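K.L.:
These are the residues of each chain, in order.
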Amino acid sequence: GAVVSQHPSRVICKSGTSVKIECRSLDFQATTMFWYRQFPKQSLMLMATSNEGSKATYEQGVEKDKFLINHASLTLSTLTVTSAHPEDSSFYICSARLLESQYFGPGTRLTVL
Amino acid sequence: KQEVTQIPAALSVPEGENLVLNCSFTDSAIYNLQWFRQDPGKGLTSLLLIQSSQREQTSGRLNASLDKSSGRSTLYIAASQPGDSATYLCAVRRGSGGGADGLTFGKGTHLIIQP
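Top line first, the protein sequences correspond to chains A and U.
Note that this note's numbering has the first sequence beginning at 43, numbered continuously upward.
Note that this note's numbering has the second sequence beginning at 72, numbered continuously upward.
Just chain A, same shape as in the assembly (with noise of 0.2 Å):
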């Protein structure tokens, strides 16, 4: 149980579009779901928490209006990175909370030429 899903795992786009990442709850509902970023040798950082039915919150130096996340339904979480640029090339990863527990989806790798 608890598994969570990502879509698309690897994504290449070109600078300035608009590259959309799914993150679902497969088994399981989840009213906050998180973002987190990862470099190259680096840890995750924490960019946002989703929650269902209202806005998300931004962690400090994380813009909203280029991290738009929306989180229509208890099991699915959307980030969408607008106007992406090279340095937003990372791996992005999110997570589900269940009671004190949070369950990770397998990551998406973005690369912006």
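To be clear, the hints were calculated from the coordinates, so they are not data collected in a lab.
This structure is a prediction, so every number in the text was calculated from the model and none was measured.
Note that CB positions come from ideal geometry on N, CA and C, so glycine has one too.
Heads up, some of the hints might be wrong.
[To be verified] Only part of the chain U face toward chain A is listed, based on derived beta-carbon distances under 8 Å:
id : residue
1  : L119
2  : S124
3  : Q125
4  : G173
5  : F176
6  : K178
[Claimed, not checked] Below 27 Å or equal to it, Euclidean Cα-Cα: the simulated BS3-like pairs (lysine-lysine) are:
id : chain 1 : residue 1 : chain 2 : residue 2
7  : A       : K62       : A       : K108
8  : A       : K108      : U       : K178
9  : A       : K106      : U       : K72
10 : A       : K83       : A       : K97
11 : U       : K72       : U       : K178
12 : A       : K56       : A       : K108
13 : U       : K72       : A       : K97
14 : U       : K178      : A       : K83
15 : A       : K106      : A       : K62
16 : A       : K108      : U       : K113
17 : A       : K108      : U       : K139
18 : A       : K62       : U       : K72
19 : U       : K139      : U       : K72
20 : A       : K56       : U       : K113
21 : A       : K83       : A       : K108
Let chain A serve as the given structure and place chain U on it in line with the hints.
P.N.:
For chain U alone, coordinates are given in the frame of chain A:
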């Protein structure tokens, strides 16, 4: 601001050895601490979760301890196997719980178990 440090950054040992990975955090006001495993290019697998009121947790060959007052945790791996090779991440959940706070991660320890 909470900071999590993991030592060593990398470790390579022969198969069969027992080993200890270290994690320290600057703010002792944590709700819980979790150890994860990350394989290359993959997501995270939760290994052990220790609540702030607990001292240790065990799962198979893994044992994690927590000393909240000193801001330290260790992950002990017994009788290491090549399949244990991965990056091990320590993460703390901030706040008093109840809410939905995210995790603060260390940079991880890259572990290689030599056959």
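K.L.:
Taking the hints in turn, state whether each one holds.
P.N.:
Outcome of the hint check:
no., hint, in the structure
1, L119, "violated (10 Å)"
2, S124, "violated (12 Å)"
3, Q125, "violated (11 Å)"
4, G173, "holds (4 Å)"
5, F176, "holds (4 Å)"
6, K178, "holds (4 Å)"
7, K62(A) / K108(A), "holds (12 Å)"
8, K108(A) / K178(U), "holds (25 Å)"
9, K106(A) / K72(U), "holds (21 Å)"
10, K83(A) / K97(A), "violated (31 Å)"
11, K72(U) / K178(U), "holds (16 Å)"
12, K56(A) / K108(A), "holds (16 Å)"
13, K72(U) / K97(A), "holds (24 Å)"
14, K178(U) / K83(A), "holds (7 Å)"
15, K106(A) / K62(A), "holds (14 Å)"
16, K108(A) / K113(U), "holds (25 Å)"
17, K108(A) / K139(U), "violated (37 Å)"
18, K62(A) / K72(U), "violated (30 Å)"
19, K139(U) / K72(U), "holds (16 Å)"
20, K56(A) / K113(U), "holds (24 Å)"
21, K83(A) / K108(A), "holds (24 Å)"
Checked against the numbered hints given earlier, the structure breaks hints 1, 2, 3, 10, 17 and 18 and satisfies all the rest.
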